[in-house]
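*Asks:* If you want the building blocks of each chain, they are given just below.
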Amino acid sequence: MAASTSPSDDQTRIQDVLDVSLLKEIARNSLVHSLNSVQVNGAKTLVLDPSLAGPLSLVIEVSLLQVRVIKCGGMKEPDSQEQQHGVDKMFWLEAGPLSAVTTNIVYLCRPRIKWVKIIADQIKRHSRESKSHTYTILLVPRVSTLVTRVLEEEGVLGDVTISAYNLQFIPIADDVISLENDNAFKEIWVDGDETSVYDSAQALHTLQKLFGLFPRIVGKGDCAARLTDLLAGQTAQSTNTGPDGSLALSEKFDSLIVLDRRVDMITPFLTQLTYEGLIDEVVGIKNSHVEVPVSLLNAPSNPNAPPSAASTSTAPAPALAKEKKRKHHLSSATDPIFSELRDLNFASVGKRLNKVARRLDEDYKARHKAESVAQLRDFVGKLGGLQSEHQALRLHTGLSEIIVPHTRTEIFNQSLEIQQNLLASYDVPGQITAIENLLAQGADMQLVIRLLCLASVTTGGIRSKSLENIKREILQTYGYNFLPLLLSLAAPPLAVLLPNPLSASTPAAVAELKYPFTSLRKSLRLLIEGSESLDELENDISYVYSGYAPISVRLVQCVAQKGGVISNPAGKEKAAEEDADGRKGKASAAAKVHAHPIVGFKGFEDVVGSIPGKTVDVTQQSSGLGGADAVASSAATLSSHREQTTITVVFFIGGCTYTEIAALRWAGRQNQGENG
Amino acid sequence: MADHPTASWQAMQNGNVFYRRQQLYSLNGKLPNLGDYIVAGCRYAGPLAIMRDNTKLIAVGRATPIFAKAQIQIYSPAGEGLLLFTWDQAKVIRFGWTGDERLVVVNEEGVYRLYDLQGDYTQFSLGSDAGEVGVIDARIHETGLVAMTGSLHLLEVKGWEGAKPLTLANPGLSEPPFVWTLIPPDFTISRHVEVLLSVESSILTVDNLESVDQRVSRGPFTHMAPSPNGKSLALLTFSGMLWVVSTDFQRNLAEFDTGKVVGAEGDVKQVEWCGNDAILVTWDGLALLVGPFGDTLQYFYAGSMFSITEPDGVRIIASDVCDFVQKVPVSTASVFRPGSTSPAAILYDAWENFSHRSPKADENIRSIRPDLVSAVDEIIDAAGQEWEPVWQRKLLNAANFGKAFLDLYNPTDFVNMGKTLKVLNAVRFYEIGIPITHSQYNYLSPTHLISRLTSRNLHLLALRVSSYLSLPPDNVLKHWATAKILKSKPVSGGAGKDADMTGDEEVSRSIVEKFEKLGGVGVSYAEIAKKAWEVGRTGLATMLLDHEPRASDQVPLLLAMKEDRIALQKAVDSGNTDLVYHVLLHLYNRLPLGSFFRLIEDGGSRLAPASRLLQVYAREQNPEMLRDFFYSDDRRVESAVLSLEEAGRMQDPASKVTSIKAAQKFFSEDKERAFEAKMMDEYSRLLNFQQQLEKESSDQITFFGLSVDETIRTCLLNGMVKKADKVKSDFKVPDKRFWYLKLHALTATRDFEGLELFSRSKRSPIGYEAFVRHLVEKGHLKEATAYVARCDAHKRVDLYVECGEWRMAGKECKDRNDKAKLEQLRKSCPNSLIARELDQIATSMK
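One line per chain: the protein sequences are A and B, in this order.
Counting with our numbering, you get residues 301 to 976 for the letters of the first sequence.
Counting with our numbering, you get residues 5 to 850 for the letters of the second sequence.
Be aware that a few hints might be false.
With a Cα cut of at most 27 Å, we get these calculated DSS-like pairs of lysine-lysine [what the hints assert, rightly or not]: (1) B:Lys-831 x A:Lys-765; (2) B:Lys-786 x B:Lys-766; (3) A:Lys-765 x B:Lys-736; (4) B:Lys-660 x A:Lys-417; (5) A:Lys-765 x B:Lys-786; (6) A:Lys-765 x B:Lys-660; (7) A:Lys-765 x B:Lys-675; (8) A:Lys-486 x A:Lys-902; (9) B:Lys-732 x A:Lys-651; (10) A:Lys-655 x B:Lys-669.
No wet-lab data here; the hints were simulated from the structure.
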């Protein structure tokens, strides 16, 4: 909806390279296991929930799944001839008849009523046509009573076997893992369905089982509190019943920071300004896949021709739209240029692309210098790498070309201006009028509502009269059927679109949710004032929004990098002098911000307390320790690990934006510089 | 001092093989005369169940009270009475033991019960068919039973969980077999139970697939017994010929004529196996052990007796003793056989010499130096085979002595044997009465032994054994708690309910304390609570449930106990939404709708998540229920939204409008929602107007369902300008928006004249820059240029540039005398032609 700009909705950031491929391995194996455990022989037809295809493709090649299924069947009876010939088919789970030839049908879906009804429908249809199939439903991530009930109501429960495929964290980059649950935000804050909180707790518990207990859990927000409780319960239970007894404290983690999306609603309302963020805003990133025109992906016709420097000429966007699109997996693992670019402010992307292009050009030119056969061979050896880099460069240049015209539009620039003004609380009524203007120009509804909510949150509500007016205009422009949306935005626990003053009869809950933005702006140094150039801004996480630091990341800094919150740009000049990059210089960075043992929100209690929602701070112990020496021991753990790099895990309930990830990466780099 | 082990040995096969008879307990009349009773013995040193045989005459006297009803008594092998219960059902056909020491009693009506040693039973049925035709006989093995029905069919029950009986292949009998038996599934090749029936002169083998006539001509038989490993079968013909064959009837193993036995009087009572290679044939007062080659040993007893086959021997229970007859184990024979020169024997000799301070010890040890390891191992094993602790100790000492001469020896076996013997001796004590042998113990596993102790309510011993063997105490604790609940009757006396409560609290506390002290963390409180609930102690059950950490275990029981609110509360607290659904859907089915709603509404904020989950479910699956729910809770806004959502799904215009009107009504009932009500009113008016429009355009153009703006746009695109104006005024569309709409629409239809006219109709509320920009964006540069002149002066230069009119831009600069701007233009201009023109202008400006 309007709020969440990131496609993946429960994300964890790990500030150091942890072996996340382990998680991928687990996910893959458990899928194979689930398919294997389907108690049938012979060929299977797999019917896949489209919303799962994305997440699954990060774990296993969906196109290879077919082969896999055959193999799975084959594993049970390797000598069976039939199975090798068994043609397995894959269908999307969608309404309408399913014409499967195989006797075994396996449905793989999330436990949504919608899917179950379709399944029930298809089964009933088959039985009417008196076709007999064996049905198995694999639910992700676990079996649900709801599904059983719906199947029962539809009268097909007896025909199916239900089991589960426990898909948990999926690594989407080597430092980001996600549950890839698209609807988490809506489910939690609009429907009040906290299933994803529970699932998250289970997934985090798996993480603990792999890497050890988080020594400390710090969190902000009601759901965060709930998650922490659940996690503690899980840990207690597994220490009780687990065969291996108690879980040891992790040596790799120093803490887990849990944040509700509700704690920082401002950030997702803003336009993301990093490269990856803008790709998401303009093109859309879904499960780390982006749809791009085929021409960008195909190998250039003349690979030896050096690419032209990143041209910013306006390629006609409509022409591109007509081209056939293909999904491309954006990943820093296979694409070094992307890892370089993803977290940059878009303003500096052009420059960087240019630099890469030049370097590539020089590398290509190296062939002219090759005089001996040996040198030539060296060059040919490098050629493969060069070509793939060339390919990547082409892609990113193309993507920038798609994005640039968008950033030049009137509406885009107006919206940015409104955002900056609202953040600075400058001329609020004027901004409301500006929003109305955008509306009149027929801007995208999502944009308008994002801006409107931003206005409401930053100012503590919009004047009732103009709010009603603008709501009316929204309904008239986009349709009256969006009224429930407006109501949901205004209702607790979301309450991001409020009139000011609140009407007398508004429940107290709403008033409590009011966001103290103006005071936060000061205490958390959210806005970097002044007309500093972008280069200087890069000394602070605020570079990701060109001057605004995401509250969520500031909160993380409150826990893990207190210096970063308070420090004024004072140290900045020094840094800038010392190092062109301004931040990797160890000496200056050490003077400014430094990592320290995790002591919760200490020093920021008041600030954090002023944000609505519960604050959590739990110290976990390995159950072997008694209660008395808990503090001492945790302190000991901390001090003993000071020398080595520890990892702080940040978990967002309800999704986070790419810019926040970028900001966290930045903050992480600083700590690493200190910790070595 | 106990006799030398060999004192109980008897040689067979010319002194190559020895059998020993070990007295386990002396009974001295603790048991009644077994001859008058039907007896069933439990294998693996288990107890004995007896029931009066009604076909036998009995002298009425003081010692034998008369029972009107059948009674079943259970005795331990040491003759201690464990249980006595009265059978009040139809006539007992057969009783026998399960592997975990429960007594199975089958009656003629096809009902069977499983009694544990505390007298609690669970009852199952063999199905209605069996009930109708009756059951005439049954055979019970450790993991199931086979019953023969009145119609001579065979029914098999697998396991003891009340599984549905399976019919075996029809043997096609016309009369009951002379005798029959079965081979348990674990010991057959097919891994399914095999039934052997003696019919006429042959034997039928029946399993679940087929019935095969084995074409044996020596029948009929009076006794039939499969060996413990299921490989051989002992048969006794009417003529008293004992015949042993392999169970596939391919090999003749032995034959022996029992008719010629001296001293045998009367009929053969039992044919039982002693281990897997000898057979015990019993008469009253005489037991005859027949070895594999027809050699025999005779044992005399007073009166009738009963023998129970064990995998490593046979247990004989006579009126005064309980004996165990077995082939002397290899290791024991190796140590003690007279004249044995095995290393083990020499080692034992060495140790004896050593303890007598004789120097021969050293000589002995040296002579067996290379075999010392195996000698030690053998002696340790022999220690396990001894019944008398004295000899156990001697052998272990000998082993220890031998061990000392070895540099590297893994003592695990030695230590384990010591521990095991300690446990075995403890349970063999006559008060406990489990005369289990070492090999039986190994076969059954320590956990099984502990569960046998708990089933006798010997919790303390069980707990000590389990902690001695470092096994988790969970099962013992669970059994203890259950027993405790059953034993502790709600305190009588005191004032009614109060006393009851304190009793509950006490029990609950003592259970929880014990668990916490002993670390019984794996015990599920829910299971114990369930037990408490089953015996009607609801209060206690609730208290215990509170200690259960796993909500998924708590909730189902709470639901069963009809503690709806607590169940829902616990489910919500657990955070497991699936559990919440489980409770909700269960309650929705059970409670009347009204009280179901009330339950959720009364829960307030604590149950709010449940309420929301219900809404999520109902929205998809049961909107009717949701409507009722909102209505009963006076939730106007939600009701309205629901109506609106329904309207969104509707295709039929009339009903859509009706739904929207309903939504409007709901909103209007809430003072706070005047705005929303007004919007809904507009919505329905819009829909009506759109219908009208469609009619006027004779259904050529679709309007229905469009938004206000889209309606205006569609009107304009189709030239219905008047209608567009009407929509504007009816819905009070602000000028600004209307102008943009009209601008976009007219541009799209390329009606530039109309646009020009429109732009002059009054002063543009959106300025003229918007005109220029939009036209440029759509590629109408020429038309755009016309509007530049009407824009703000300072923007004109840039706007001209956007229109591609560089010369105009230059002129504009000249008009405003802005040299800097002109210079900038010149720098950014696309080609030299324009540059030259701009230069000209620049020069003209001087």
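*Asks:* Of the hints given before, which are not true for this structure?
*Replies:* Structure breaks hints 1, 5, 6, 8, 9, 10.
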